[in-house]
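2 protein chains.
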Amino acid sequence: MAISLKELQAPIKDDLAVFEQRFAMSMKTRVPLLNTIMNYIIRRKGKQIRPLFVMYSARLCGEIGERTYRAASLVELLHTATLVHDDVVDESYERRGFFSINALWKNKIAVLVGDYLLSRGLLLSVEHDDFDLLKITSRAVRDMSEGELMQLERSRFLDITEEIYFEIIRQKTASLIASCCAIGAASAGAAEPQIEQFRLFGERIGLAFQIRDDLFDFGDNESGKPTGIDIREKKLTLPLIYALKQVSSGEAKNILKLIKSNKPDNEKLRLVTQFVQSHGGMDYARDTMNRLRNEAFEAISDFLNRDDSGVNMRKLVDFVIDRRH
Amino acid sequence: MAISLKELQAPIKDDLAVFEQRFAMSMKTRVPLLNTIMNYIIRRKGKQIRPLFVMYSARLCGEIGERTYRAASLVELLHTATLVHDDVVDESYERRGFFSINALWKNKIAVLVGDYLLSRGLLLSVEHDDFDLLKITSRAVRDMSEGELMQLERSRFLDITEEIYFEIIRQKTASLIASCCAIGAASAGAAEPQIEQFRLFGERIGLAFQIRDDLFDFGDNESGKPTGIDIREKKLTLPLIYALKQVSSGEAKNILKLIKSNKPDNEKLRLVTQFVQSHGGMDYARDTMNRLRNEAFEAISDFLNRDDSGVNMRKLVDFVIDRRH
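Protein chains in written order, with my numbering: chain A, 696 to 1020; chain B, 696 to 1020.
These aren't lab readings, by the way, just hints derived from the structure by calculation. What you were told as hints is all true, and nothing was included just to trick you.
The list treats identical chains as one, so a pair stands whether inside a single copy or across any two.
For lysine to aspartate or glutamate, the following EDC-like pairs were computed, each having C-alpha atoms within a straight-line distance of at most 20 Å:
1. K723 x E862
2. K801 x E848
3. K929 x E848
4. K803 x E928
Fair warning: this is a prediction, and the values are worked out from it, not measured in the lab.
Make the full structure from the sequences, and use the hints.
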């Protein structure tokens, strides 16, 4: 049976309410236009999966406290900054069913709003001397932009091996979720080796999270229809990378030629999806995802079996990895 | 006699060479495309005024050392990030006579490169436990985006008073130069009260620096021709704000109407410049600039009269404030 977001939030409902209040406070400014935009961002908030990972990691290591709320605010500020910049970068005019910041207020303002959110995350940490949290997180900030750029560069040549694919998604997606779990643990007073366990746990989850996203592209989702966004942008992801390795180099070249071609997107998508399916790309990606989930649980197994919090963390992981949209 | 940049660099030539080497190192990455862009940024470097303020402040407070090089790299990374994002925001295709990053590599990459530079500044500080330097600087990062946004918001209504003008330029321009001087001092082991003196010094210089820029717009520059960039963007700056206050509200309204109108830019510029000149706007701005310079020198007077370093710092200030382009 599918788990709902509400179910996941329930056990830490009060803590989440405090976090939301702290998060909103950290965005406050004297500039009226900026306040309007910040309120808009708060209203159209997403699932806030990252703060949930911070809180549950803290809970597994000890008590959720002020430092945990700040840790959760820090990652949510960074994540939101990234989304605002991503929308500029991708010229997206919609996000979560709302207009994007760049759609409503133009690129100029959106770039500055992203910078502002980054700076608020930074300030929140330095003003409370949370240097340990900042140290863990700042590497993720670098990794995210580096990973995106590496992907942009590689997609020009369409020469991504499985090894490079994992390197890209480790930086682009997994590094932030790894930070969430590590700073959650750190915020509750965990020692270095435990923080490292949680970092590793989060990294595995982050990798699986991205593979789940990649599977959507080929129709493994609620609607059953391939979304085909990656193919359109000429991004090679795990199911396709695997399938390409199962055939002769001639056949692989033909598929890459098809992706680069000017054929209509629908036609392309149909052929590529068929190719991936028939060479076991989907199954391979799903198996990999499940292997990563097991590795994640393994990394913090001594924490997961203690009490209800462990059960809840498992549910959160399943929610993220088994989601259908 | 005008001072040259070379003259200013000469007394700390060796230190500048070490800084440049450290700065280049801090930008290194395993992503080839990103390395290409970083090398491009290093080649087309500007006057590096901000690192000079860091170094001279350090020198006045003690010895220039590794922490000073890192402090200078930190502000130069942040400043460069801002420039890269500014070019996206303003759709500028040129910077310092070179193509801008967004012109050569598109907006997508430029936004990510700006984020990458910000993250490198952050990492450089946390990896060396320079938390005091980061604490001083992080407020400037917020101030810069907040100030830009405040200016964007206000320029829509053309209702900027002198008080608001100073608030905007304090955030947008002066906060970073204030940080440069403060972290320069801190890097050489200065105590809190001294760091605060240098912060105040830098803030005054930053305000004067911006007013110098504003004066260019009305023809107070090498060529004698108004550049008129602010007028075109409907930004009210000090010379014009002052002039508008010298006339009846009816006359002021007519000038604002002219600025908002669809009249050709040349025509507009000629009329507005004439108006500003004839109501003492230029003189007022120049007087204010010189008052700020004196206040700056006053703030660190106990340091300026000790030895040659004081003389050099004065020269640096004059170079910045008396520049003609």
